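A.B. asks: All chains should be built: construct the whole structure from the sequences, respecting the hints.
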Amino acid sequence: MLAFIARRLLVAIPTLAVVVALSFALTRAAPGGPFDEEQALPPEIRANLEAAYGLDQPAHRQFVRYVAGLLRGDFGPSFRFRDFTVTELIAGGLPVSLTIGLAALTLALAVGIPLGAGAALARGRFLDRLVMGLAVAGISVPVFVIAPFFALVFGIWLRWLPVAGWEPGRATDLVLPVATLALPVIAYVARLTRGSLLEVLRAPWIRAARARGLPQRAVLLRHALPAALLPVVSYLGPAAAAVLAGSLVVETIFGLPGIGRHLVQGALNRDYTLVMGMVIVYAVFMILLNLLADLAYAWLDPRIRHGRRA
Amino acid sequence: MALLEIRRLAVDFTGPRRVRAVDGVDLDIGREECVAIVGESGSGKSQLLLACVGLLAANGRAQGSVRFEGRELLGAGDPAAAVRGGGIGFVFQDAGGSLTPHLRIGDQLAEAAVAVRGASWQSARADAVRMLERVQLPAAAQQCARYPHELSGGMRQRVAIALALMPRPQLLFADEPTTALDVTVQADVVALLAALCRDLGMALVLVTHDLGVVASLAARIAVMYAGRIVELADAERFLRQPRHPYGAGLLASVPTLAAAAGPMATIAGAPPAPGTAFAGCRFEPRCGRAEARCRVEDPALVAGDGGLVACHFPLDAGPQP
Ligand SMILES: Nc1ncnc2c1ncn2[C@@H]1O[C@H](COP(=O)(O)OP(=O)(O)OP(=O)(O)O)[C@@H](O)[C@H]1O
Ligand code: SF4
Ligand SMILES: [Mg+2]
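Chains as they are written, first to last, in my numbering: chain U, 428 to 737; chain H, 5 to 325.
It should be emphasised that the hints constitute simulated quantities derived from the structure, not laboratory data. The structure presented is a predicted model; accordingly, all values stated were derived computationally and were not measured. A couple of the hints might just be wrong.
Partner residues are not named here, just some residues of chain H that face chain U (Cβ under 8 Å, in silico) [said to hold, decoys possible]:
{"hint": "1", "residue": "Arg88"}
{"hint": "2", "residue": "Glu115"}
{"hint": "3", "residue": "Cys148"}
{"hint": "4", "residue": "Ala149"}
{"hint": "5", "residue": "Leu155"}
{"hint": "6", "residue": "Leu167"}
{"hint": "7", "residue": "Pro171"}
Chain U stretches covered by chain H per the calculated footprint, using a threshold of three residues with CB under 8 Å from any CB of chain H [said to hold, decoys possible]:
{"hint": "8", "region": "634 to 646"}
{"hint": "9", "region": "649 to 660"}
{"hint": "10", "region": "721 to 732"}
Idealized CB from N, CA, C, for every residue including glycine.
C.D. replies: Have a look at this one:
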């Protein structure tokens, strides 16, 4: 198991290298630069700024400098937030983003799996139709529609929750963003769980477990569910990507000081270092979450576990 | 009172067309008795057993009555659940597929004893090893830590038998427990089943295509054709002289027992398609002894010569020993 983790982390290094190179190339390829503003800067000030940030140097020199900084754990200075380094900006927003992202994923699993399992057991009956109807809605309505809708209903009409904003330690601020992010994932997880559980329940070894006289609960929880969750675990990687993409929208709409807005703002401002720093942070999280998903998969399915060892 | 009493059991499947897989079966299984069920593929052997323990597919429905120790197993609310495992064990046709892939062999075995018999986990684990030894699995103690996919097909088969035995059933349904196996180990498994029944005082219903197995194991034999029992007889007598033309055909198609066969060498034709309706004898299109009466009158299963036979013109039972 440890060897497997080590190997996966080793493979992640070239992946990250590609991410760094690509994000560097793409940010430079975008038209415009960090110091293009509505009001053009006097040429000498602009030249000074570019020299100060090393932008006057050829691209390959800039790249080498950037990578050298990365290896020291330095994401470089932000070109726009001139008093901050990218590291500081990310460190400032990361706890907020991590909290809502992980909370949304956890909520999605905690709600989606029981809903899907319940629907499978009530197959064709009211509960099943209700859950699957909601799931279709949850999957097809985009986050940028759900978010303002929730803000309107729960924040403005019902006044149950704050419309937007963030104060450290005020958990109510998190409810709407997390629910918004989780909703499509809940819907997808519920559908996956339902389909997969229905299929597993038809397996010969489920009939054999019932023939042995095992109580329904044990058949369901010990024999059927772990096998039925395999597709859900496989979906964790894409789910994390969906939450990540959703968080960009959600943080903006609910005014949360996470890192999502840095990516959006950074891209609009051509804040090269900030955008690259964000892309790298996201890439690292995706790699870690996919590794986690693979470990969970191996834990649920001994055939995978042994196949890898061989 | 017999241990298991099956009365007028019928099994219907709904679907594009209604299929009657079992059509009015009566059968008693006594305590510690071994009964074999034979018949071509599709004759309803598996559905008969599945109906008894309430494990028909979702589109299947059983009618009639099945009593285990006098307790009715058919009806609303899955009454058979109470006897599954501890009363009636089941070894399935695809026994290798009966093991839960993500649970260790030892855990599955122990769970069956804990959940059904209320054994403690500790004693159940010791029991599991003993049971694996009993089904002659090599290195029984080590196998407990392994997962099903790590075992060969033959080993999985033995584990499946051990699993069915863990709740200590009084009656075991073994549905073709050897077909998935190598010919070389088939005889072993059959001998094993016979020994287990003797040692554990367990009754056995064995579905098989292999009349050689019947000869060595069963006291009585039931021959099924198109959802009915067409002959029910003492196994020894049946193997010497079957009375139903279909039973005779089955016996004739077994190479080693061909000498004992009746006038037919093989059974011509194919069994009726599922869902066929019958006016007279359902074997009539394939029967060499058929006469006009067979086409219009359905033969009842009636007693005669140490058994029951459903035929207007049964073969001669021959001299009684
Ligand atoms: N779920 C189902 N829906 C419809 N028909 C079914 C279903 N299950 C079984 N049958 C039908 O029931 C009939 C009897 O099947 P059964 O499995 O009892 O045969 P069998 O005697 O065990 O044959 P084999 O020796 O091949 O195992 C078959 O004609 C089959 O098509
Ligand atoms: S009743 Fe007639 S057709 Fe049917 S098995 Fe007997 S002889 Fe053959
Ligand atoms: Mg069968």
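A.B. asks: Look at each hint and say if it fits the structure.
C.D. replies: Going down the list of hints, with the structure as the test:
Of the supplied interface hints, the one on Arg88 of chain H holds, with its beta-carbon coming within about 4 Å of a beta-carbon of chain U, less than 8 Å. At its closest, the beta carbon of Glu115 of chain H sits 7 Å from a beta carbon of chain U; the interface hint therefore holds under the 8 Å criterion. The criterion of a C-beta within 8 Å of any C-beta in chain U is not met by Cys148 of chain H, whose closest approach is roughly 14 Å, and the hint is violated. Given hint, Ala149 of chain H at the interface with chain U, is violated; its Cβ is 11 Å from that chain's nearest Cβ, farther than 8 Å.
Taking 8 Å as the C-beta cut-off, the interface hint given for Leu155 of chain H is violated, the closest approach to chain U being about 12 Å. At a threshold of 8 Å, the smallest CB-CB gap from Leu167 of chain H to chain U is about 6 Å, leaving the interface hint in force. Given the 8 Å rule on beta carbons, the hint for Pro171 of chain H holds: about 5 Å separates it from the nearest Cβ of chain U. Residue count for the region 634 to 646 of chain U with a Cβ under 8 Å from a Cβ of chain H: 10. That meets the three needed, and the coverage hint holds.
Taking a C-beta to C-beta cut-off of 8 Å, the region 649 to 660 of chain U contributes 4 residues in contact with chain H, enough for the three needed, and the coverage statement holds. Coverage of a stretch by a chain is defined here by at least three residues with a beta carbon nearer than 8 Å to that chain's beta carbons; for the region 721 to 732 of chain U and chain H the count is 4, and the condition holds.
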